[in-house]
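Colleague: Going down the list, the sequences are from chains A and B.
For the first sequence, the numbering used here assigns the number 175 to the last residue and increments by one with no breaks.
For the second sequence, the numbering used here assigns the number 175 to the last residue and increments by one with no breaks.
One should not assume that every hint holds.
To be verified - Which residues of chain B face chain A? A few of them, derived with a C-beta cut under 7 angstroms, are:
id, residue
1, T73
2, M74
3, V79
4, L110
5, A113
6, G117
7, R118
8, V120
9, D128
10, I169
11, V170
12, Y171
13, D172
14, A173
15, I174
What the hints assert, rightly or not - DSS-like cross-link-like pairs, simulated, lysine-lysine; straight-line CA separation at most 27 angstroms:
id, chain 1, residue 1, chain 2, residue 2
16, B, K75, B, K156
17, B, K100, A, K92
18, A, K142, B, K100
19, A, K75, B, K75
20, B, K75, A, K156
21, A, K100, A, K167
22, B, K142, B, K167
In case anyone wonders, no lab produced these hints; they're calculated from the structure.
In this text the structure is predicted, and so the values were computed from the model without any measurement.
Think of the CB as a built atom: it goes at the ideal place given N, C-alpha and C, for glycine as much as any other residue.
Number of protein chains: 2
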Amino acid sequence: MENRRNFVTKIAAGMAATGFMTIAGKANTHEATMKNVFVHHVFFWLKDPNNKESLTQFEKGLQTLITVPLIQASHIGRPVESAREVVDDSFTYSYIAFFRNKEDQVTYQTHPIHLKFIEDCQHLWEKVIVYDAIG
Amino acid sequence: MENRRNFVTKIAAGMAATGFMTIAGKANTHEATMKNVFVHHVFFWLKDPNNKESLTQFEKGLQTLITVPLIQASHIGRPVESAREVVDDSFTYSYIAFFRNKEDQVTYQTHPIHLKFIEDCQHLWEKVIVYDAIG
Numbered sequence: 041m042e043n044r045r046n047f048v049t050k051i052a053a054g055m056a057a058t059g060f061m062t063i064a065g066k067a068n069t070h071e072a073t074m075k076n077v078f079v080h081h082v083f084f085w086l087k088d089p090n091n092k093e094s095l096t097q098f099e100k101g102l103q104t105l106i107t108v109p110l111i112q113a114s115h116i117g118r119p120v121e122s123a124r125e126v127v128d129d130s131f132t133y134s135y136i137a138f139f140r141n142k143e144d145q146v147t148y149q150t151h152p153i154h155l156k157f158i159e160d161c162q163h164l165w166e167k168v169i170v171y172d173a174i175g
Numbered sequence: 041m042e043n044r045r046n047f048v049t050k051i052a053a054g055m056a057a058t059g060f061m062t063i064a065g066k067a068n069t070h071e072a073t074m075k076n077v078f079v080h081h082v083f084f085w086l087k088d089p090n091n092k093e094s095l096t097q098f099e100k101g102l103q104t105l106i107t108v109p110l111i112q113a114s115h116i117g118r119p120v121e122s123a124r125e126v127v128d129d130s131f132t133y134s135y136i137a138f139f140r141n142k143e144d145q146v147t148y149q150t151h152p153i154h155l156k157f158i159e160d161c162q163h164l165w166e167k168v169i170v171y172d173a174i175g
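Start from the sequences and build out the full structure, keeping to the hints where you can.
Modeller: And the structure:
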């Protein structure tokens with residue numbers, strides 16, 4: 041039991057240090073390397089990226105979307121401007137959902153919460169790119 | 041102390057359930073939502089994506105790259121094929137580095153390990169796209 045507790049505490053410290061949660065802890069790169077994770081990264085370009093109402097509505101949609109139970113972890117972000125040519129900072133929203141495996145992501149595609157998100161928000165975007173990676 | 045331990049164990053269970061580490065635990069979406077995280081996602085298109093030696097050399101480079109201490113967590117992935125039009129599955133490697141903040145990512149750009157990775161591996165790729173998102 042003590043060993044298990046130490047193990048769990050060690051993981052928590054490593055994960056916490058990643059910035060997912062803020063508690064003291066030193067990151068260990070090898071502990072914090074994600075393995076056997078399906079990364080579903082979606083970039084949205086809104087039609088009207090400077091319209092506050094559009095942004096609010098879209099963010100509300102994303103906050104609901106990430107409640108799909110199959111999603112193991114998520115990240116919602118805005119672009120960080122860069123002068124570097126290789127950086128594409130033209131998108132309006134970045135949305136990452138982490139799944140256990142490919143099957144879960146396929147199931148997620150037709151989950152009612154996901155379909156509702158598309159129905160409620162698709163009028164807001166003009167372009168979407170999805171990158172799915174596993175490793 | 042007991043409260044702190046419970047708190048840490050709860051985080052560990054949540055994070056473990058994300059698939060980063062495999063131990064029993066039920067994911068809680070809100071616990072597993074990453075906040076205040078800088079996501080640096082890089083897609084590489086190799087010149088010779090079917091050449092095993094190129095892949096091995098490139099993967100070795102990535103494995104070294106993720107040892108940059110500023111990286112709080114990382115993910116290295118290969119594309120998941122998809123028939124969906126919005127999915128771009130043409131890349132050879134997906135590489136994500138999670139940073140605490142923008143400053144750490146800027147510092148990482150000129151870290152000796154990062155510069156060595158570029159020097160050693162840049163002849164292997166023909167195209168790179170970087171997406172930086174914070175949220």
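Colleague: Each hint needs a verdict: does it hold in this structure or not?
Modeller: Consistency of the hints with the structure:
Taking 7 angstroms as the C-beta cut-off, the interface hint given for T73/B holds, the closest approach to chain A being about 5 angstroms. With 7 angstroms as the threshold, the beta carbon of M74/B comes within range of chain A, its nearest partner Cβ sitting at about 4 angstroms, so the hint holds. For the restraint placing V79/B at the interface with chain A, the shortest Cβ-Cβ distance is roughly 6 angstroms, inside the 7 angstroms limit, so the hint holds. Given hint, L110/B at the interface with chain A, is violated; its Cβ is 9 angstroms from that chain's nearest Cβ, farther than 7 angstroms.
Residue-level restraint check for A113/B holds (minimum Cβ-Cβ distance to chain A is 4 angstroms; threshold 7 angstroms). About 3 angstroms separates the beta-carbon of G117/B from the nearest beta-carbon of chain A, less than 7 angstroms, and the hint is met. For the restraint placing R118/B at the interface with chain A, the shortest Cβ-Cβ distance is roughly 6 angstroms, inside the 7 angstroms limit, so the hint holds. Taking 7 angstroms as the C-beta cut-off, the interface hint given for V120/B holds, the closest approach to chain A being about 4 angstroms.
For D128/B, the interface hint holds, the least distance from its beta-carbon to any beta-carbon of chain A being 6 angstroms, beneath 7 angstroms. Checking I169/B against chain A by beta carbon gives a least distance of about 6 angstroms; that is within 7 angstroms, so the hint holds. Annotation: V170/B was flagged as interfacial toward chain A, and the flag holds, the nearest CB pair being 4 angstroms apart, inside 7 angstroms. Of the supplied interface hints, the one on Y171/B holds, with its beta-carbon coming within about 6 angstroms of a beta-carbon of chain A, less than 7 angstroms.
The criterion of a C-beta within 7 angstroms of any C-beta in chain A is met by D172/B, whose closest approach is roughly 4 angstroms, and the hint holds. A least Cβ separation of about 3 angstroms between A173/B and chain A falls short of the 7 angstroms threshold, and the interface hint therefore holds. Because the closest C-beta pair between I174/B and chain A is about 5 angstroms apart, less than 7 angstroms, the hint holds. Distance restraint check for K75/B and K156/B: the Cα-Cα separation of roughly 31 angstroms exceeds the 27 angstroms cut-off, and the hinted pair is therefore not satisfied.
Only pairs whose Cα atoms come within 27 angstroms are accepted, and K100/B paired with K92/A is rejected, the gap being roughly 45 angstroms. A threshold of 27 angstroms between alpha carbons decides the hint, and for K142/A with K100/B the separation of about 25 angstroms falls inside it, so the pair holds. The suggested pairing of K75/A with K75/B holds, with an alpha-carbon distance near 21 angstroms, which does not exceed 27 angstroms. The suggested pairing of K75/B with K156/A holds, with an alpha-carbon distance near 24 angstroms, which does not exceed 27 angstroms.
With a C-alpha separation of about 19 angstroms, the suggested pairing of K100/A with K167/A holds against the 27 angstroms cut-off. With a C-alpha separation of about 24 angstroms, the suggested pairing of K142/B with K167/B holds against the 27 angstroms cut-off.
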